[in-house]
Amino acid sequence: MEDKKLVTVYIEDKPYRVRPDQSMLDACLSLGFDLPYFCWHPAMHSVGACRQCAVKQFKDENDRKGMIVMACMTPAGEGTRISIKDPEAVEFRAKVIEWLMLNHPHDCPVCDEGGECHLQDMTVMTGHAYRRTRFRKRTHRNQYLGPFVNHEMNRCIQCYRCVRFYNDYAGGRDFGVFAAHDNVYFGRQEDGVLESEFSGNLVEVCPTGVFTDRTLKMHYTRKWDLQTAPSVCVHCGLGCNTIPGERYGTLRRIRNRYNGQVNGYFICDRGRYGYEFANSATRIRRPYRITYGKAGEKIENALEEGKVLPHVKSLLQGAKGIIGIGSPRASLEANYLLKKFCGPGNFYAGFSDAEFNLVGRIISVLTGGPVKAPALREVAEADAVFVLGEDVSGTAPMLGLAIRQAVRQKPVEAVIKSGIPAWNDYAVRQAVQNDKGPFFIATSAATRIDSLAEGTFHGAPDDIARLGFAVAAAISPEAPAPDGSLPEAAAGLVPRIAARLREAKRPVIISGTGAGSRAVIEAAFNVAKSLFDSGKDAGLCYVAAECNSIGLGLMGGKSLREAVGAVRENRADTVIVLENDIFDRLSAPEAEALLSARQVISIDHLPNHTVSMAHTVLPAAVFAEGTGTFVSNEGRAQRFYRVYVPAGQVEESWRWLSEFLAASAGAKFFTVDDVQRAMAGELPAFGGVPAAAPPADFRISGLKIPRQPHRYSGRTSIHADVDVNEPKPPADPDSPLSFSMEGFDGRPPSALISRFWAPGWNSVQAVNKFQSEVGGRLRGGDPGQRLIGPAGKEKSLPYFTGIPAPFTRLEGKFLVVPLYHVFGSEKLSALSPPVSELVPSPYLALNPEDAGELGCTEGMEIRLIVEDVFFRLAARLDASIARGVAGFPLGLPGLHGITLPSWGRIGIPPGVREAAEESGEDRA
Amino acid sequence: MLSILRAVWTVFLHLFKRKVTVLYPEERPRIPPRWRGRIILSRDPDGQERCVACHLCAVACPVGCIALQAAEDEYGRRYPEFFRINFSRCIFCGFCEEACPTYAIQLTNDFEMSEYHRHNLVYEKQDLLISGTGKYPGYNFYKVAGLSIKGKDKGENENELPPVDVKGLMP
Ligand code: SF4
Ligand code: SF4
Ligand code: SF4
Ligand code: SF4
Ligand code: FES
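These protein sequences, in sequence, are chains Y and A.
Everything in the first sequence is counted per my numbering, starting at 319 for the first residue and increasing by one.
Everything in the second sequence is counted per my numbering, starting at 13 for the first residue and increasing by one.
Heads up, some of the hints might be wrong.
As the list claims (entries may be wrong) - Here are the simulated DSS-like pairs of lysine-lysine, each with C-alpha atoms no more than 25 Å apart in a straight line:
# : chain 1 : residue 1 : chain 2 : residue 2
1 : A       : 179       : Y       : 455
2 : Y       : 455       : A       : 164
3 : Y       : 455       : A       : 166
4 : Y       : 535       : A       : 166
These are computed hints drawn from the structure, not numbers from a lab.
So that you can see chain Y by itself, here it is in the shape it has in the complex (with noise of 0.2 Å):
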């Protein structure tokens, strides 16, 4: 059945049917013509100032003179007519690049874009070959734009994508064009980081040189020379979809994914240039065992290929009790097989006990209640949007995005009914100007994203609980009301905040683990089901930490404490530590009394505390190693897949296990399909995983799909140096990928495209080629299958009613809260050096006011004592931060251990407030 809505167009003299709501070049190019662009993006839509997509339009059969138009400027209205191939039109467009490469420096070859390159593909596709012009070129000089991006600002062709991108689309601040006519210049007013932690986009986003990716500079390879294939992002729980390239056995960037639903065609910095830890020089690529001297000093013993497993079987085999700890950042696989192995009743998730208690409850309230978990892409369509709790910027960034674009839902609306369409993007921003859509947001400090919020509110955890059961009350009459008083600030917002979500038709609340507490994930249901309940398409999206935090909740297991209490009794002396430091997530005493089991066998890839303490350890692959399944937070689960096979002794996860199971039970899974087969036998929760992308044995006219781009270079020299006969290509039993050149070359299945790559289209723009329309879904749908979802109506849950008592403050006490930075707050992504250089140094929140009490400044040692540990750190005055509360960067270096909120003592150490002093005086 046809959609009424469509109307039909005109290209050469054919009639299409395509929907009136869009540009004729969004049309053209979804219809799959290839039509030149520069300025137009999909997700940012018309400007019509690079005059590149000019096209004749006709006004009926009868009409054969025509007028150039711009497509991306000319409504898909009923009868449009145009022409792509008209000479007039194609000699037009060979003369606008022509005009824009007047200036161009000529230095594709050292070009980190070369090969990938918009400019390249749009010249070659106009046909402009030879340079005419006989003046000079205009030249600029660059910036240092910080360890992300490089700049080289003589390759621009004033397409303004980058500022559109950076100011309009990601609200970023530092960033401009400057100067006038041809000599426009894009940077920032001076030298210096840029600031918006989606800087990376730029390197998408310019289709041309002049912004590049910095890190992959540093090891620089080409396109086609990388050997990629489809990954999940492994920094935080949002499961972007991303492309990793390998090159030589290390890995070199991280480029996005596009998926429909999730993060569409922008990642975050973390997720984009977090990667480098992979490549560390302390990874662990060799199994070892521990054993004592005679002077008690510990000896590394390696474990060659072949005495892995005698020795680990003989371990397991006078071992009394074995318990397995479980990890949220590996696979669901090994955690899987990890809980085979020990057994249900030996199995720990490895969270936090806090932690683990906040998953289960957000697990319960998503397939209990009535209200659905919003992709990414929801959210940033929802007409209003309030936040509990959770400081999105700084744990799930790409969800500051979404709430970015959310924010101009309502005003985009209002604007297209007074008759401008939606992509024309001039003209809707112009009407929009700074109107905002409903968006709130309760957090303990201010975050990077208030600026955008009709209203805010700072307080302790249990303060803003209260907002949320209040608002929900106000939404509802059946919802709990807390009894007492609001914070003023908080009280004033209530009725604003349930007018504003009630006039929404698409509301989505979004809350989360971050700020460590039970009641403010349940004042986010309450609001979402009060929603639910008066007929709204209400969303409620959870933040979870870590890339497989949902999956290792829907494992289940027991809690960490338990585990500890089981090494205590000695019901269990041999522990097996799952890509984990158990040090994050117990304090130390209780971290130390679990390793001090007989046996402590960990896996991990990167040295820790725990592996430290380990009498076994084993090397991990890390995600772009390996092949497995993590569940985001909406509860997508998706597939990851090796890109190289990683060198020394590494294995995944799952397989050590699989060769633990094989030695113990005789059980053995050879593929990631039989461990997918087992568990989803075994445990229905996970029955949608097998079908989250296809199976191993899969094939294209018995083809498999290849990692390496049929340009792939160097096959036959890449190992001389080693051998002269060049080596079987890897097998790969997991999955239809293969590590080579050869296979199936045309767009395979959205689960498994490693690249996007199209004839004539060799930049990422290609991705228009892999869509069923621009900007939708992938053709076949995007990738990643929903394991949870919300029960019916009538079987919800109830509102809940343990809404917490109002903060009060304690004397000579402070409520230590964590507060959360893009960079350094997770802690792979910190071990990468271009991260690690934009990690703040530890600190502490404060109010002013109490800090005048303590008498401390800015800057100013002090201490802080939780949970008996103690740490030294410099004060921060903070504003927005409540009396009463002390704000802890939980996850910069050091700063872990102690599970927040929870009450803490601030002293200052002797002598730093007379030097403090002092230095005042000295200045005066």
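On the provided structure of chain Y, position chain A with the ligands as indicated by the hints.
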């Protein structure tokens, strides 16, 4: 029968043709200058490595016998960290030379590179790099490309204007 006789007759006629074999190595053949033999990497007129590690030769190579890794010195000049040609695979087609935007890689008229062991045919950068410009004397890539390197700032190229003053207000 007839065909055998014809073959014998043809062979017989060859007795009166000019000999094409020579007594190599005593007698040396004349190799034309455009012969496609052993590949070298040349230097630019200033004596710097010409190769800018653009990977174009590698991707043009139909047998994939060129592998290299790009690196950059502290002044922004690109060069190959390593550059390897596996001559046991090379078919001397000359595509690499054709693809090279800097005249760095050139085929020479040396063909005497036999080895007893195949792995001796794997040449690394030190085996490939010569000290001169090879067949193309004048060309210096960095004199025409817009990248600034040591000794050549922005705007100092043959065909460039001085860098724009971004804060200037002149039309
Ligand atoms: S931006 Fe593109 S066209 Fe320009 S130098 Fe770089 S690769 Fe070449
Ligand atoms: S820097 Fe890139 S994105 Fe920005 S205007 Fe120039 S070419 Fe376009
Ligand atoms: S938002 Fe999270 S999942 Fe997405 S790229 Fe950033 S760190 Fe990775
Ligand atoms: S094509 Fe020339 S400049 Fe480029 S890598 Fe090869 S030898 Fe070097
Ligand atoms: S893409 Fe249409 S004018 Fe730039």
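Here is how each hint holds up against the structure:
Only pairs whose Cα atoms come within 25 Å are accepted, and residue 179(A) paired with residue 455(Y) is accepted, the gap being roughly 19 Å. About 15 Å separates the Cα atoms of residue 455(Y) and residue 164(A), which keeps this hinted pair within 25 Å; it holds. As the CA atoms of residue 455(Y) and residue 166(A) are separated by approximately 11 Å, the hinted pair is consistent with the 25 Å bound. Of the supplied pair hints, the one linking residue 535(Y) and residue 166(A) holds, its CA atoms being roughly 20 Å apart against a limit of 25 Å.
The structure meets every hint from the earlier list without exception.
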